[in-house]
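Enquirer: Residue numbers (the numbering used here), protein chains in the order written: chain A, 1 to 270; chain B, 271 to 875.
Among these hints, one or two may not hold up.
Stated by the list, open to error - From the derived model, a few chain B residues whose C-beta atoms are all more than 10 angstroms from chain A:
# : residue
1 : R285
2 : G288
3 : I298
4 : P387
5 : G525
6 : A687
7 : F688
8 : A695
As the list claims (entries may be wrong) - Derived pair list, reagent style SDA-like, types lysine to any residue, alpha-carbon separation capped at 25 angstroms:
#  : chain 1 : residue 1 : chain 2 : residue 2
9  : A       : K107      : B       : A281
10 : B       : K626      : A       : W84
11 : B       : K303      : A       : K107
12 : A       : K107      : B       : A289
Everything labelled a hint here was simulated from the structure, so no lab data went into it. Note that this is a predicted model, so its numbers are computed, not measured. Every residue gets a Cβ at the ideal spot worked out from N, C-alpha and C, and that includes glycine.
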Amino acid sequence: MSWFRAVDARWFVLANNAILLTVGLALFGLQRSSLQIATCLAATITCELVLARLWGRRATVGDRLLSSATAAASTLVLLVSPAWWFYAAVGVIAIASKYLVRDAASKHVFNPTNFAIVFAIAFFPDDLLVRPDQFSGSPWLMAQIAVFGVLAAVRGARFRTTLGYYAAVLGFALPVGTLLGVKPLWILAPEMNTSTLIFSCLMMTDPRTTPSSPRGQWAFGFATGALHLCLRYVQVPYSPFIALFVVAGVFSVRVRGPAATPSGAPIQTL
Amino acid sequence: MPSVQASPLAAFARRFRGAAVAVALLSIIVGTKRLRTTPERVYEAAPPPAVLRSAPFRFREEARDRGMLFEHRLHYPNPQAGNYLPLMAFPPALAVADFDGDGFMDVYVVQPEPGQPNRLFRNEAGERFTDVAREVGLDDLDKRAPGSMALWADLDGDGQLDLFQARFGCHSLFVRDAGRLHFTERVQQVGRYCSNPKAVNVADFNRDGRLDLVFGNYYPATDLATYFPFTHIFGTAGANSFGGGVEVLFGTPRGFVRAGLRGPRAHTTAVGISDVNDDGWPDLFASNDYTYDQMLRNDAGRGFTDVTEETIPRVEHGFSGMDAEFADFDDSGKMSLFVSNMYFPPFSTVHNLLWKKGDDGRFTNVADEQGVARCGWAWTAKFADFDDSGDLDLFVVNGKARGARVKTPGDAVKSFAFVRNTITATPPFLREEMSLVPDFSTYYLSAFERSCLFWNRGGHFYDVAREAGITDLEEGQSAALVDFDNDGRIDVVVANLGGPLLLYHNVTPAPGHWLGLELVGPESMRVPYGAKIILRRADGKTPMRELYPANGYRGQSDPRIHFGLGSATGGQTIDVRWPDGKAETFADLPIDRYDAIRYGAGAAR
């Protein structure tokens with residue numbers, strides 16, 4: 001499995017989202033125009049290269065391109081908006097957050113795409129559409145996300161965050177379901193949605209913004225899942241993204257230590 | 271900007287920077303109630319005070335006072351619907367025409383529940399309405415299947431208005447009996463066509479002198495008694511082709527035959543007709559739920575080609591199109607298109623669309639800049655010049671459903687939006703289990719919304735419904751325009767889901783002058799659907815109307831053409847292009863009254 005150790009985990013994220021985007025456009029009537037895709041990629045990559053230069057980052061151009069393309073693809077897959085400028089703006093915000101919001105260990109605090117989603121909820125709510133059903137009909141795509149998600153989580157050594165998340169969801173499904181007056185399956189079923197799978201397998205496994213210790217990963221994942229269900233109980237949309245945002249902010253107060261990636265490979269950044 | 275050696279204070283700040291940013295953003299979200307779902311952020315207009323002060327409209331709700339007693343009953347044939355009846359019930363429908371030829375417009379109301387009578391409110395000289403459905407044979411039309419929509423049109427070409435009754439099932443034509451005011455069912459005329467439409471419209475698509483029908487079939491052609499939409503309608507937004515789609519039936523001497531139209535089987539909610547490319551052949555626009563709307567070009571009567579990609583930007587479709595209303599709202603001489611959508615933030619921020627046609631034939635959405643992008647969960651939209659100022663205004667009804675135990679706005683404490691969103695997010699193979707879904711009786715969804723009355727004030731629209739006297743908070747589903755008292759001020763009939771019929775009498779003080787036209791076509795087509803009328807105004811503008819009164823969602827309006835003239839006086843001149851292509855000019859037309867414009871009586875152009 002030497003090839004596996006040589007692959008940057010971000011490639012799995014990028015590949016997954018690029019396939020989703022392509023298949024979505026070809027088969028699922030995904031609403032993304034050429035202009036939106038082009039401006040998002042251009043703005044995100046340009047922002048990354050400019051800020052990396054300004055901040056004196058030593059990473060290679062290739063690494064910067066991979067990082068920014070991954071963020072752009074995630075943005076294009078997860079968010080829906082008719083506005084032509086929206087994806088470009090959100091992509092820029094995602095990249096800018098990596099440079100502007102850093103913790104005591106000089107690591108960025110929030111997963112860039114996650115930050116951009118919460119930012120968009122706060123500042124562009126009328127341009128952001130809720131479309132959880134844009135892929136949800138296809139079990140094939142769910143399987144695809146699960147496969148790429150496992151690869152990325154294992155490669156980034158963050159699969160415990162995903163497990164912690166699902167442990168919380170499973171554990172809280174019964175009490176939250178009881179409080180809402182519905183069966184636990186009602187709570188669990190949306191977790192199989194493509195957006196939530198991307199979230200749990202590919203976003204919250206970002207090594208830069210999650211704890212490196214196994215115990216920390218479990219705690220991080222569990223806290224995100226628990227908060228997500230609490231927010232669902234009070235009917236807050238985008239609850240997984242807001243939960244991850246809050247938990248990442250709280251955990252950033254503690255110094256999280258270096259990213260634990262096998263063989264010192266470049267860290268994953270969604 | 272490389273990092274520098276930090277002081278203790280800077281280190282402290284750096285350590286808490288992430289948490290501080292999180293708190294700041296969340297404060298904005300919470301403070302601005304961005305994600306508040308219960309109670310829902312009901313749409314409420316907020317025009318500037320100066321606009322409100324100068325709003326000209328006044329309406330009075332007078333249905334009960336004038337004898338229009340009708341209450342829509344919730345019905346859906348599948349017993350599984352259970353507590354979800356308010357969400358799934360078949361909506362009411364309206365059809366306006368002067369069926370008895372007395373010069374006053376009558377109103378037909380469809381009650382979808384089998385066994386419950388439809389109503390035909392005959393207009394008694396603009397004073398009162400009397401239900402005459404039973405005595406003319408148009409009351410109990412839905413013994414075999416729930417009624418969907420009715421349409422007044424001369425479909426057998428005998429010069430008399432017939433009533434087409436679309437059903438969730440097989441459809442029927444009720445033709446006027448010779449020599450008496452009574453109607454008899456003719457099933458075979460419709461070619462035994464069965465489908466599940468939410469929309470029916472009429473035009474002469476192949477220009478053979480006979481009217482054709484177009485159906486917007488929301489559900490697939492299946493037995494709805496065993497069909498539970500929740501398991502089918504969500505999923506793969508944008509590519510949902512599990513509906514019934516658009517179907518065209520050509521009129522022939524032997525009845526109606528299918529035109530063989532091919533297209534995606536979308537959940538079509540409304541069908542608008544207009545000569546979009548100005549080639550003299552009526553084109554189609556289908557508003558669809560869960561997928562892209564469709565623009566269908568009429569290929570000289572031989573069939574239709576989907577030209578959506580070439581005409582409307584793909585990225586802006588709302589996937590919840592509820593209406594298709596064509597109008598020359600800016601007096602540009604080109605028909606624009608209004609498509610209502612669902613706006614109930616934070617779960618649905620899909621705006622209404624106002625597609626303005628450009629010189630290159632492509633449409634651009636100008637709803638936001640015109641001020642008509644938001645109106646709750648919107649359904650029927652109708653353009654009319656309500657104050658006869660010369661500018662078209664816009665009336666939109668809205669609202670979705672309330673549970674059986676939600677009687678007043680005070681009871682509305684549990685929004686169904688989140689549950690609906692959860693269903694949307696659930697993979698289809700898990701939705702089959704009905705017991706997953708909570709009891710709807712204590713929930714509501716986009717209920718208690720006020721209809722919108724957008725005043726066209728110098729080219730920008732402002733919602734002044736509340737100030738104009740649009741007082742109800744019912745779940746408005748369909749609306750039809752009717753000048754029931756022939757005073758030139760357009761009134762509005764509104765049919766509500768699970769609620770009463772409303773008649774908004776337009777009593778706007780000091781309206782402008784107006785031009786009223788009753789177009790009379792050739793013998794084979796008494797009401798010349800598709801006629802294009804252009805008014806030559808003194809200021810050089812040439813506002814246009816097209817005679818498609820059944821455009822939009824479930825409401826066939828007054829078929830007479832109405833132009834507000836403002837302060838203009840004196841004889842008016844119009845150009846008419848009849849459906850067969852014949853062009854005539856009618857000059858020196860009197861104002862402030864309705865006059866007949868007869869085919870062949872004008873000056874040829």
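Enquirer: For every hint, state whether the structure bears it out.
Expert: Do the hints match the structure? See the list:
no., hint, verdict
1, R285, "violated (4 angstroms)"
2, G288, "violated (3 angstroms)"
3, I298, "violated (5 angstroms)"
4, P387, "holds (39 angstroms)"
5, G525, "holds (36 angstroms)"
6, A687, "violated (8 angstroms)"
7, F688, "violated (4 angstroms)"
8, A695, "violated (4 angstroms)"
9, A/K107 <-> B/A281, "holds (14 angstroms)"
10, B/K626 <-> A/W84, "holds (18 angstroms)"
11, B/K303 <-> A/K107, "violated (31 angstroms)"
12, A/K107 <-> B/A289, "holds (14 angstroms)"
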